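Engineer: The residues making up each chain are set out below.
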Amino acid sequence: MFDALSERLERISDGLRSRGRLTERDLDEALGEVRTALLEADVEFSVVRAFLEAVRTRLAGAALSQSLTPGQQVVKAVHDQLVEILGAAPLKVTYASRPPTVVLLAGLQGAGKTTAAAKLALWFSQQGRQPYLVGADLQRPAAVEQLRVLAAQAGVGVFSEPTDPVEVARRGLEEARRLGRDVVIVDTAGRLSVDAALMDEVRRVSAAVEPHYTFLVIDAATGQDAVVTARAFHEALELTGLVVTKLDYDARGGAVLSARGVVGRPVVFASSGEKLTDFDLFYPERMASRILGMGDVMTLIEQAERAMDAEVVAESAGRMVTGTFTLDDFLAQLAQVRKMGSLGGLMRLMPGVTREMRQAAGNVDEREIDRVEAIVRSMTLAERRNPSIIDGSRRTRIARGSATSVAQVNQLLRQFTEMRKMMRQMGSGGAPALPPGMGKLAAAVKARGSEGLAGLPAGLGAPPARPVPATGTRGKKKKGGRVTPPKQR
Amino acid sequence: MTALYVLVAVVVVALVVVAVVRARRRARPAAPAAPPPLPEVLVAEATAIPALVPEPGLAERLAASRGVFDRVRGLGAGRLDEDQLGLVEEVLLRSDVGLATTTEVLARLRADGAPEGVASAVRDMLLSGFDTERALHEAAESGRVPVWLFVGVNGVGKTTSIAKLAQRLIDEGKSVLLAAGDTFRAAAADQLEAWATRTGSEIVRAAEGADPGSVVHDAIGRAKARGVDIVLADTAGRRPNSANLLDELAKVRRVADREPGQVVETLLVLDATTGQNALSQAREFLAAAAVTGIVLTKLDGTARGGVVVAIERELGIPVKFVGVGEGVRDLVPFDPEAFVDSLLGA
Chain A
708 MFDALSERLE
718 RISDGLRSRG
728 RLTERDLDEA
738 LGEVRTALLE
748 ADVEFSVVRA
758 FLEAVRTRLA
768 GAALSQSLTP
778 GQQVVKAVHD
788 QLVEILGAAP
798 LKVTYASRPP
808 TVVLLAGLQG
818 AGKTTAAAKL
828 ALWFSQQGRQ
838 PYLVGADLQR
848 PAAVEQLRVL
858 AAQAGVGVFS
868 EPTDPVEVAR
878 RGLEEARRLG
888 RDVVIVDTAG
898 RLSVDAALMD
908 EVRRVSAAVE
918 PHYTFLVIDA
928 ATGQDAVVTA
938 RAFHEALELT
948 GLVVTKLDYD
958 ARGGAVLSAR
968 GVVGRPVVFA
978 SSGEKLTDFD
988 LFYPERMASR
998 ILGMGDVMTL
1008 IEQAERAMDA
1018 EVVAESAGRM
1028 VTGTFTLDDF
1038 LAQLAQVRKM
1048 GSLGGLMRLM
1058 PGVTREMRQA
1068 AGNVDEREID
1078 RVEAIVRSMT
1088 LAERRNPSII
1098 DGSRRTRIAR
1108 GSATSVAQVN
1118 QLLRQFTEMR
1128 KMMRQMGSGG
1138 APALPPGMGK
1148 LAAAVKARGS
1158 EGLAGLPAGL
1168 GAPPARPVPA
1178 TGTRGKKKKG
1188 GRVTPPKQR
Chain B
10 MTALYVLVAV
20 VVVALVVVAV
30 VRARRRARPA
40 APAAPPPLPE
50 VLVAEATAIP
60 ALVPEPGLAE
70 RLAASRGVFD
80 RVRGLGAGRL
90 DEDQLGLVEE
100 VLLRSDVGLA
110 TTTEVLARLR
120 ADGAPEGVAS
130 AVRDMLLSGF
140 DTERALHEAA
150 ESGRVPVWLF
160 VGVNGVGKTT
170 SIAKLAQRLI
180 DEGKSVLLAA
190 GDTFRAAAAD
200 QLEAWATRTG
210 SEIVRAAEGA
220 DPGSVVHDAI
230 GRAKARGVDI
240 VLADTAGRRP
250 NSANLLDELA
260 KVRRVADREP
270 GQVVETLLVL
280 DATTGQNALS
290 QAREFLAAAA
300 VTGIVLTKLD
310 GTARGGVVVA
320 IERELGIPVK
330 FVGVGEGVRD
340 LVPFDPEAFV
350 DSLLGA
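One line per chain: the protein sequences are A and B, in this order. For any residue, its number in my numbering is found by taking its place in the first sequence, counting from 1, and adding 707. For any residue, its number in my numbering is found by taking its place in the second sequence, counting from 1, and adding 9.
Calculated from the structure, these hints are not laboratory results. Just so it is clear, the structure is predicted and the values come from calculations on it, not from any experiment. Incorrect hints may appear among the rest.
What the hints assert, rightly or not - A few chain A residues facing chain B, derived, Cβ under 8 Å:
1) R847
2) V901
3) D957
To be verified - Here are the simulated DSBU-like cross-link-like pairs (lysine-lysine), alpha carbons at most 30 Å apart as the crow flies:
4) B:K183 <-> B:K233
5) B:K183 <-> A:K1046
6) A:K799 <-> A:K982
7) B:K233 <-> B:K260
8) A:K799 <-> A:K783
9) A:K982 <-> B:K260
Here a beta-carbon is modelled for each residue, glycine too, at the ideal position from N, C-alpha and C.
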């Protein structure tokens, strides 16, 4: 459904290539596409307008670069502007000289506050702190129980009592002082910004504990309402930053930009999964690429690492480059890829994938993949290792065994041979035989891999590298985001 | 089998990704020891919270956006100029209706004008999308127990919606049994149990991490034995882009639909604050669990939930209930006219 912005711009910019400068009219047309992309990503209406003005200023009169098509130049300007807004004035988490440092979490119902509280507690303990959780959500049944269970998993203590939220927060802070904890995280009940009584209550909770940090927890899939909500909470509580949750969904996350725009405070943390460890500092680069639908290579890599069995993959990856990839390997790969989720979902994460391919992937019937699997499974081991021995009678047998036709078996074999040829070429340097989009991806991955570059779609040339701050004190070097798999920890 | 080409492409890409990651990892130990990373967290006095600094100009813009539709309402009949169309566009986009529907409405306004006024023209166009049959199914074949299955992503209000609907059914004089099929989220069953006590329904629950299918199965068995009128089955919130989680849901649905149970409604719970992603949620859940209706929650906030217009137009899933408050009776049947009016009041 979503076309990548870059692709659309490519389409309209074909006619512009020869001109030296973007004219007003070109720019209007290009920015119209940008607008569509932003609105489809749920960026708020007036934020979009402000954003487009900024991009226009950036591009107005700018000489066209030699290496970029006009379309690419626009994408680059948009991307840079996004990163600038999302990454401007990053918040350094500092600690109060007289502990404890108090963190207050607020937000709408269902944004993920309780989970974020536990994840934040775990993050602080990984930083060598001694966090303490205060469960001041007495509204939702069993919210405190949920916090207790999660806190136990994180190995962090919890304070709560069935009195009233302000009292709980105050007493929780006292308890933390008594226990000598140096970070206190207060989880509050979800509330609608129009609920005056509850907004007043959270204000009183805040007054009682005088937080050093007040974070608004916001769901990445939020629509236009993000602005209204963020504003209301900001007016009530003076937010210090945002925590964005559910980044593992396929939502584009334009809400992050909206909220950032209206609150003027940075996004500090991002939560991206159901496990307590799926929580980290926020990376503007990734978010920018995501909002633009330019694919998210880092997420793809992470998903691959999470779902794939490294041993199996490594083994066949080796054989892939040497050109001795077998149908057995193919079968193993297939199982690995299917573990990562739907093909359509994966395609969305890949940069440089054309709309046709994405649609094709979305339309792929899982049963067709089952059929492919069945064909390969109907072959003997010898046949899988050396498909050239498959003669007419073997074909008939395989077709019968897999409930397909000889034609289908033939097709699979033919495509497999082509694929193998493609791989061999890739192995011997470059990626010439890949479909253009795939080549771009390979290049993007390589660029990232070797230099940890920013996530612009490949073919955009090398943007100035924006070093992502090394994270944490867990003693490993990180470049361009988290790439070290959990297994190595 | 175009599928195969795509598949091959994906496999290749996955391999490239992994190969590069691996190569890099192998290269890492050989690299000279990097200087210790700067501590991300500086131990220092937490600085005073700076003054509020929203993006300049945005506040005025937002203020100006209110009452946009009042201006539209004031527009007369006949042809519209671009400024007027712009206003209509703003109203529609702000209510999360989405670009596709908005573009369509604008195209029709452009072509036909608005002989009876802009407001009523837009209203009619949006209402025409809500023509799906939205009757509720409460009865199963004789001898089987009707089941309402609740599905959705995390945090949309599935458990709370079940509680409210249980209250509604009890008010109608029915007996209700709740199945705590969310065995994943910490304390989800506790939350449902608290509601069961409050509403006076029965509940079947199992330990955390238990198989949700077996919970639902037990619940149906118990309902059958006790002659309960209807089973409301909770499920764990799940993201819509994970094949495994959707498979699990499909399995729960199959179990619930087996004798003596019969799934008569599969209700997708949607949060009104959700933007265009709701469309992809609806699409995935429709495929995995044959969704028959939508429960739109949190309409009492500032969000309009306009994305259900797109969902009903594109996927034909009718909205059946809307949540308009925190109270246990604040879940009411969907009324398209009232909904469209509130959309346009943005």
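Engineer: All hints, please: hold or fail.
Structural biologist: Each hint, compared with the structure:
Satisfaction of the interface hint for R847 of chain A is found here, the shortest Cβ-Cβ separation to chain B being roughly 7 Å, below the 8 Å cut-off. Given the 8 Å rule on beta carbons, the hint for V901 of chain A holds: about 6 Å separates it from the nearest Cβ of chain B. At its closest, the beta carbon of D957 of chain A sits 4 Å from a beta carbon of chain B; the interface hint therefore holds under the 8 Å criterion. Our distance criterion of 30 Å between C-alpha atoms is met by K183 of chain B and K233 of chain B, whose separation comes to about 14 Å.
At roughly 43 Å between alpha-carbon atoms, K183 of chain B and K1046 of chain A are farther apart than 30 Å, so this suggested pair is violated. For the given pair, K799 of chain A sits about 24 Å from K982 of chain A by alpha-carbon distance, which is consistent with the 30 Å threshold. For the given pair, K233 of chain B sits about 21 Å from K260 of chain B by alpha-carbon distance, which is consistent with the 30 Å threshold. With a C-alpha separation of about 27 Å, the suggested pairing of K799 of chain A with K783 of chain A holds against the 30 Å cut-off.
Only pairs whose Cα atoms come within 30 Å are accepted, and K982 of chain A paired with K260 of chain B is accepted, the gap being roughly 23 Å.
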